[in-house]
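Enquirer: Let's have the full structure, built from the sequences with the hints guiding it.
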Amino acid sequence: MNLRKYLKVYKKFLHTSLASELEYKTNILVDLITAILSLVGSIFLLSIFFQNSGYIGGWKFEQALIIQGIYTILNGITNTWFNPNLSEIVKHIREGTLDFVLLKPIDSQFFISFKKINPSGFLEIMLGFFLLFFCIRINQINLDLSFLTLSLITISCSICILYSLWFFISTTTIWFVKTWNAIEVLRSFLYIGRFPLSSFSFSLRILFSIFIPIAFITTIPSEVFLGLSQVWKILLELIVASIFVITSRKFWLFALKFYSSASS
Amino acid sequence: MVQNIIDVKNLSKSFDISSKEPGLKGTIKHFFRRQTKSLKVIKDISFEIKEGEIVGFLGANGAGKTTILKMLCGLIYPSEGSISVSGYLPFRRRENFLKNITLIMGQKQQLIWDLPPIESFYLNASIYDLDKFEAKKRIKKLSEMLEIDDELFIPVRKLSLGQRMKSELLAALIHEPNILFLDEPTLGLDINAQRNLRKFLQKYNKETNATICLTSHYMKDITSLCKRVICVHEGTISYDGKLDLLLKKLSPVKEILIVCRSEEDAIKLENSGFTVKNKIKNEITIKIENNSITSSLKTILNNFDIEDLFINEPPIDEVIGKVLIKKDYDI
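Residue numbers (our numbering), protein chains in the order written: chain A, 385 to 648; chain B, 1458 to 1788.
Note that these hints are calculated values from the structure, not bench results.
Just so you know, these numbers come straight off a predicted model, no measurement behind them.
Any given hint could turn out to be false.
What the hints assert, rightly or not - Computed footprint of chain B on chain A; a stretch qualifies when at least three of its residues, placed anywhere within it, have a C-beta under 8 Å from a C-beta of chain B: (1) 392-406; (2) 470-481; (3) 484-491.
Said to hold, decoys possible - Derived DSSO-like pairs: lysine-lysine, alpha-carbon spacing no greater than 27 Å straight-line: (4) B:K1598 to A:K395; (5) B:K1725 to B:K1656; (6) B:K1615 to A:K395; (7) B:K1705 to A:K395; (8) B:K1705 to A:K488.
Claimed, not checked - To give an idea of the interface, some chain B residues facing chain A are shown, with a C-beta separation under 7 Å as derived from the structure: (9) L1532; (10) I1533; (11) Q1567; (12) L1580; (13) I1584; (14) D1586.
For every residue, glycine included, the Cβ atom is placed at its ideal position computed from N, Cα and C.
Expert: See the structure below:
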């Protein structure tokens, strides 16, 4: 793979999608306000849960805020990259414009995953980081190199799992043509990621760890922040993320053999 | 000797198609138990195309023209048979193969809707790994050929269909491909825009010796661009050869309207052995076979007092229309 070419193309993607989005100023403004209100609403909801008892699933409110912070960053990444691009896959397949993507001398997964960007998601990412730094202060967390490395690794794994799940569902469009509902279900499950895994019953914990790995997405990085995570959990997240990325890639290449293109 | 650039042997393609009975009952049945059947849309076809050729694919809606084109450019896998385009197996979509071809579809667009076309051109240039200087040079050259200038800087959504199609062409040709697949490129364009597009394609073919495979329902596209046509009928090739030969075969007779100086001359002409279609006063319409047209006209002009004459070609759409509904043309 020619890395220099891919960087050049990505620079162009950034430029064109930012230029496209900036054509509609009001839309960006509304998105920004929505992001702020959504975060305020989530924190308010969380505080209601913690009002009667100081702990939920063994987590204090200040600790649970870390999960909210990570969730906000991931949601920001979802809104910045995954939503504008991966939702388009359905459209590309339904309308047959995937033809143009497949005939370009560039990796088709790269093209459809990174072509667009929604700048309003950046604010959510920034708000998430801001909340995390606030949590680091109130939870008196030591910022050392191993902490930063582990946090970076686990958050990157979470991004990979989330991306692969979304991409996997979108790929099934090649057979089922319309999978918007499945993506909406995935997004609803992600809301669960705002709460500690231990606050759910045993059966739900199994569901959210094995079948829909929401647990890996927010809880494990949060445990790293609090110094509660065990090495095996981090290793497991790494393995799960690798399996998800590789499987979604292979699934895409397999699915393309069944692409029949839309009729003209 | 000119080499074959496209080689297709015993190509077939089947699709799984689901069918639904009408009404609510049919809808529910379709939802729970979908009945699919395999439909062979391309049936064992073979042909070759030489470098620099412009070939028109003719056929009724659903005949399989677009499917053939999509298999040639590697978008869909063939079910049986082999395809070689520029020495590559298209469906593998190797980088060097993709740099050699382009697909233009009249009903689909790749330009970024909210931005001026120039942004899409530079994006494509970076995908084809062209540097900024080279991209600028090619955009200038192609925009001059296509006669678009100011339009390059106007958002795509504000351009007319004709301007948009020209921009689509520029975006699709920035990497200077030597094989062009055009699927109804003039669809929806007005007469002038259609003519300009055809003029451009002729010029592009002449200057670059690019091979062009074209489907179109506008007969003018086919007659002004293609010397050779491949007629597709229900997934099979019903005719593959020169267009003028096909036209001669399909309309072997021309109608000639002759205006005589006097009615007596018209009567004399009527009784001279020509096949007469009709006669109104001094105007007479006769039918002459294509191969004897020169000698017949010579005889008429030498022996009768003629004021004027008109050769009426049968409408091309009418002639080609016969191809779309017939299975075989042995010429």
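Enquirer: Each hint should be assessed against the structure and marked as holding or not.
Expert: Here is what the structure says about each hint:
Check result for the segment 392-406 of chain A against chain B: holds, 9 residues qualifying (beta carbon to beta carbon below 8 Å, three or more required). With 3 residues having a Cβ less than 8 Å from any Cβ of chain B, the segment 470-481 of chain A passes the three-residue criterion, so the hint holds. Given as covered by chain B, the segment 484-491 of chain A passes the check, having 6 residues with a CB less than 8 Å from a CB of that chain where 3 are the minimum. A distance of roughly 25 Å separates the Cα atoms of K1598 of chain B and K395 of chain A; the hinted pair therefore holds under the 27 Å criterion.
Only pairs whose Cα atoms come within 27 Å are accepted, and K1725 of chain B paired with K1656 of chain B is rejected, the gap being roughly 46 Å. For the proposed pair K1615 of chain B and K395 of chain A, the alpha carbon gap of about 26 Å is at most 27 Å, so the pair holds. Between K1705 of chain B and K395 of chain A the CA atoms are separated by roughly 56 Å; this puts the pair beyond 27 Å, and the hint is violated. With a C-alpha separation of about 41 Å, the suggested pairing of K1705 of chain B with K488 of chain A is violated against the 27 Å cut-off.
Of the supplied interface hints, the one on L1532 of chain B holds, with its beta-carbon coming within about 5 Å of a beta-carbon of chain A, less than 7 Å. Hint status for I1533 of chain B: holds, given a least beta-carbon distance of 6 Å to chain A, under 7 Å. Here the hint on Q1567 of chain B is kept, as its CB sits about 4 Å from the closest CB of chain A, short of 7 Å. Hint status for L1580 of chain B: holds, given a least beta-carbon distance of 5 Å to chain A, under 7 Å.
The closest approach between the C-beta of I1584 of chain B and any C-beta of chain A is roughly 5 Å, which is under the 7 Å cut-off, so the hint is satisfied. Evaluation of the D1586 of chain B hint against chain A yields a held restraint, the C-beta minimum of about 5 Å falling below 7 Å.
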